[in-house]
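Asks: Same order as they appear, the protein sequences are chains V and P. Each residue of the first sequence is one higher than the one before, counting from -2 in this note's numbering. Each residue of the second sequence is one higher than the one before, counting from 120 in this note's numbering.
If you're looking for bench data, these hints aren't it; they were derived computationally from the structure. Please note that the accuracy of each hint is not assured.
Below, simulated DSSO-like cross-link-like pairs (lysine-lysine); rule was C-alpha separation at most 30 Å, straight line [unchecked claim]:
#1 V/LYS177 to V/LYS206
#2 P/LYS386 to V/LYS338
#3 V/LYS117 to V/LYS190
#4 P/LYS386 to V/LYS309
#5 V/LYS338 to V/LYS190
#6 V/LYS338 to P/LYS244
#7 V/LYS77 to V/LYS108
#8 P/LYS386 to P/LYS244
#9 V/LYS309 to V/LYS206
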Amino acid sequence: MTDPIPVLRLEDIVKTFPGVRALDGVSLSVLPGEVHALMGENGAGKSTLMKVLGGILQPNEGQIFIEEEPTVMTSPMHAKAKGVVFIHQELSLADELSVAENIFLGELPLKSMGRVDWKKLYADTDAILKTLNVGFDARTRVGDLSIANQQMVEIARALTVDPRAVIFDEPTASLTDAEKVVLFDVISELQAKCVGIIYISHRMEEIFKMTDRISVLRDGQYRGTLITADTNEDEVTQLMIGRSLDLSRSASEHELGDVALEVRDLSCGDLFRNVSFSVRRGEVLGFYGLVGAGRTEIAETIFGLRAPTGGKILLNREEVRITSPIDAIRHGISLVPEDRKAQGLVLGMNCRDNMTLPQVDDLTAGPFVSDGAEVAIFDQYRDKLDIRTPGWRQTVGNLSGGNQQKIVIGKWLSMRPEVLIVDEPTRGIDVGSKSEIHNLIRALAAQGYAVIVISSEMPEVLHVSDRIVAMFSGEVVREFTAEEVTEDSLIQAISGIRGDKVA
Amino acid sequence: MTKETILKQGGIWAFIVVELIFFSVAGEYLSVSDKAFMDFDNMLLLLKQSAPIGIIALGMTIIMINGNIDLSVGATFALSAVVLLDSMTWPFMAAMGDWSIPLAWGFALLTGVILGAVNGLLVWKTGVDAFIVTLGSMLGYRGLVFMYNGEQPTSHLNWTLVDFAEAQFLGLHTATWFLLVAAFVLWFLMTRTVHGRNAYAIGNNREAAVNAGIRVGPHIMWNFVLIGFLASLSAVVFYSESGSVNPNDGMLYELWAITAVVLGGTKLTGGYGSIISTLGGVIAIQLLRKGLGHIGADTETVNLVIGLILIAVLFLDRQLNRKGKEELKI
Chain V
-2 MTDPIPVLRL
8 EDIVKTFPGV
18 RALDGVSLSV
28 LPGEVHALMG
38 ENGAGKSTLM
48 KVLGGILQPN
58 EGQIFIEEEP
68 TVMTSPMHAK
78 AKGVVFIHQE
88 LSLADELSVA
98 ENIFLGELPL
108 KSMGRVDWKK
118 LYADTDAILK
128 TLNVGFDART
138 RVGDLSIANQ
148 QMVEIARALT
158 VDPRAVIFDE
168 PTASLTDAEK
178 VVLFDVISEL
188 QAKCVGIIYI
198 SHRMEEIFKM
208 TDRISVLRDG
218 QYRGTLITAD
228 TNEDEVTQLM
238 IGRSLDLSRS
248 ASEHELGDVA
258 LEVRDLSCGD
268 LFRNVSFSVR
278 RGEVLGFYGL
288 VGAGRTEIAE
298 TIFGLRAPTG
308 GKILLNREEV
318 RITSPIDAIR
328 HGISLVPEDR
338 KAQGLVLGMN
348 CRDNMTLPQV
358 DDLTAGPFVS
368 DGAEVAIFDQ
378 YRDKLDIRTP
388 GWRQTVGNLS
398 GGNQQKIVIG
408 KWLSMRPEVL
418 IVDEPTRGID
428 VGSKSEIHNL
438 IRALAAQGYA
448 VIVISSEMPE
458 VLHVSDRIVA
468 MFSGEVVREF
478 TAEEVTEDSL
488 IQAISGIRGD
498 KVA
Chain P
120 MTKETILKQG
130 GIWAFIVVEL
140 IFFSVAGEYL
150 SVSDKAFMDF
160 DNMLLLLKQS
170 APIGIIALGM
180 TIIMINGNID
190 LSVGATFALS
200 AVVLLDSMTW
210 PFMAAMGDWS
220 IPLAWGFALL
230 TGVILGAVNG
240 LLVWKTGVDA
250 FIVTLGSMLG
260 YRGLVFMYNG
270 EQPTSHLNWT
280 LVDFAEAQFL
290 GLHTATWFLL
300 VAAFVLWFLM
310 TRTVHGRNAY
320 AIGNNREAAV
330 NAGIRVGPHI
340 MWNFVLIGFL
350 ASLSAVVFYS
360 ESGSVNPNDG
370 MLYELWAITA
380 VVLGGTKLTG
390 GYGSIISTLG
400 GVIAIQLLRK
410 GLGHIGADTE
420 TVNLVIGLIL
430 IAVLFLDRQL
440 NRKGKEELKI
């Protein structure tokens, strides 16, 4: 292949919003049969670029070429007609409709009088599903499918036209390892058909496994394109954030205190069984496992959001009964939940009110909430956690992910908890703020808090934890100390390959 | 107050000013009477007439901030009115002379509190959506009104009561005072107390509120008690003067109250809104009614115009508050 024509080329795209230059002269070209990674921190301009490509936004300057033909994209439908299709991170499927109806939504084959040609619909759908090699058929109700299979439906939808370029936006965010393999197979097949692929992801592992070239955006600017085979993670990270991220091991140097929380044989139906562990003051206990291994559910049970079907929870060596978050909070257990926006924050409220939410009951003067006491707490934790906000009146929804997470953490710290459980501490947080949150977790342990960190990112778990509990399918497989753990042994443990238990 | 909130909550007051100017000017040319629209007495009367729906709308604001809705307020209003007027005719009450008045008020208010508590308990304990629960209780409570006295109006005129209701203190009518005091108390409740704070939090993100250890159920329940109380307070204020209640009275009040609340900028989805803005919404609607009447429009036209303005205002609000311009227009 000498100088093949790019299936898709973006040239000097500029997109400005009032006060912001969201895209500042971005160029990108995708060759046929190429998997081209697009990377950048949150807010770097990836989504905006994809919206321009999909015709949702019109660029102020620059041009889009499809097979070197200048094209103006007017809408996602138009883009699809031109052979540019998107597989979005968030699935947009109608649960109650069948697979076939979802795939051909908006373009159902018709007979006379506007009647749907069901026979053709199901036949066409099954033909597409066959190429994807999936285990369900055209008549299946989409709501009955697993997330991974629903994603396959999304992909099938992209294949109703002969695509020239397919854009995958964080496709593996909610997939298990086995499901990823299927997805990667599909991508390889598309590649073989000379389709150009843009692959947006934060996960270095996948990027290096799957892609041919990597283009990096930072602050809306094009930072360069690297050939995957000739580069490494450090170089990419540096392009993304302008410096490299320290994820070296950092075991505690301080003395550990007494056992703060102990869990014995805790079970909750099918979600997890006979889970036992303990965490001491000053210690960070990491929980690592695949999505669905039961980690979040354990945290929710300890926090009183789920009723256990067996086992005990001991706090300071005494058994406690926790039936609601109110009990948990009273006993000094706090949970920084997995989904910050849906579970942790009242997005429409200001920073101060969010931070004092659990204890506003105690901050009263007469019948009224005491402004002074609240602001004092906010100021204290804003300084302590280095929360960057113009002031406490700022609506939390307007803060960056990192600062939002610090508000949630501050909320619990101000309650002086015994145990702090942090579920996915850095999900959706840009690389720069990640290390801040990591340092914060380490610092909290050093101050004597017992901290439990649940994470799907192995480097993160390895970086912050003193001990790591590996989970597989609802059970604790093995516990590692920071000294003995290796990436390999951890991967084996969470994939259900039982490591030798010679700890 | 930040610039943002002033802009958002100031909208309804700007709208009121526009209405005043428009009707004053238009009145010069179109009015059948030669009285100016912005006549002082006229404005005082307007506030008084705003009171019945206004007091209910204040309660609706709290309910909607909390993320719920109450469709049964009109029926609660009617049933409380029946209790108020009928109880004064009971033999032991009649024997008490004018002392029966506070007792009758107590009965009426208690009725509202109980009906509200029933709604609240149902929403809390069954987990059924407030829309459905109160749709049911709207029908049920209205049924109680008809069971009480059939199709007949319930009447009792107590002149002491009428004098009280028609009294003016510092120029404002009794009903206006009730509206203003209720608004002030509720404004304090929502902005300065734990209950208010938690109500906003629950309406904005119920799951986060639960995770913060807030007892969601009791807060919801108290808000329903509160709106029940306010609906009956509204009945007390209105029927002390009129002295006669028809079994169909108060119908559609829930929708007028919601209209005022929404016009004031409170969100149907919960978590956002303000008592003071609702007061603005109530006054804006009453101004429209009066103003259109002033320039010679009939009742049917008034409703049409209010409906159109409601939609126009919310459309405008959506345009102004749309986050960026990334939202798809389909």
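Asks: All the hints need checking, so say for each whether the structure fits it.
Replies: Cross-check of the supplied hints:
Restraint check for V/LYS177 and V/LYS206: satisfied, since their Cα atoms lie roughly 12 Å apart, inside the 30 Å limit. Pair hint P/LYS386 plus V/LYS338 holds up; C-alpha atoms about 19 Å apart against a cutoff of 30 Å. The straight-line distance between the Cα atoms of V/LYS117 and V/LYS190 is roughly 25 Å, inside the 30 Å bound, and the hint therefore holds. For the proposed pair P/LYS386 and V/LYS309, the alpha carbon gap of about 44 Å is over 30 Å, so the pair is violated.
In summary, the hint linking V/LYS338 to V/LYS190 is not supported, as the alpha carbons are separated by about 40 Å, beyond the 30 Å threshold. Proposed proximity of V/LYS338 and P/LYS244 is supported: the alpha carbons are some 27 Å apart, at most 30 Å. This hinted pair checks out: V/LYS77 and V/LYS108 have alpha carbons roughly 24 Å apart, not beyond 30 Å. A threshold of 30 Å between alpha carbons decides the hint, and for P/LYS386 with P/LYS244 the separation of about 25 Å falls inside it, so the pair holds.
The suggested pairing of V/LYS309 with V/LYS206 is violated, with an alpha-carbon distance near 43 Å, which exceeds 30 Å.
Violated hints for the displayed structure, listed by number in ascending order: 4, 5, 9.
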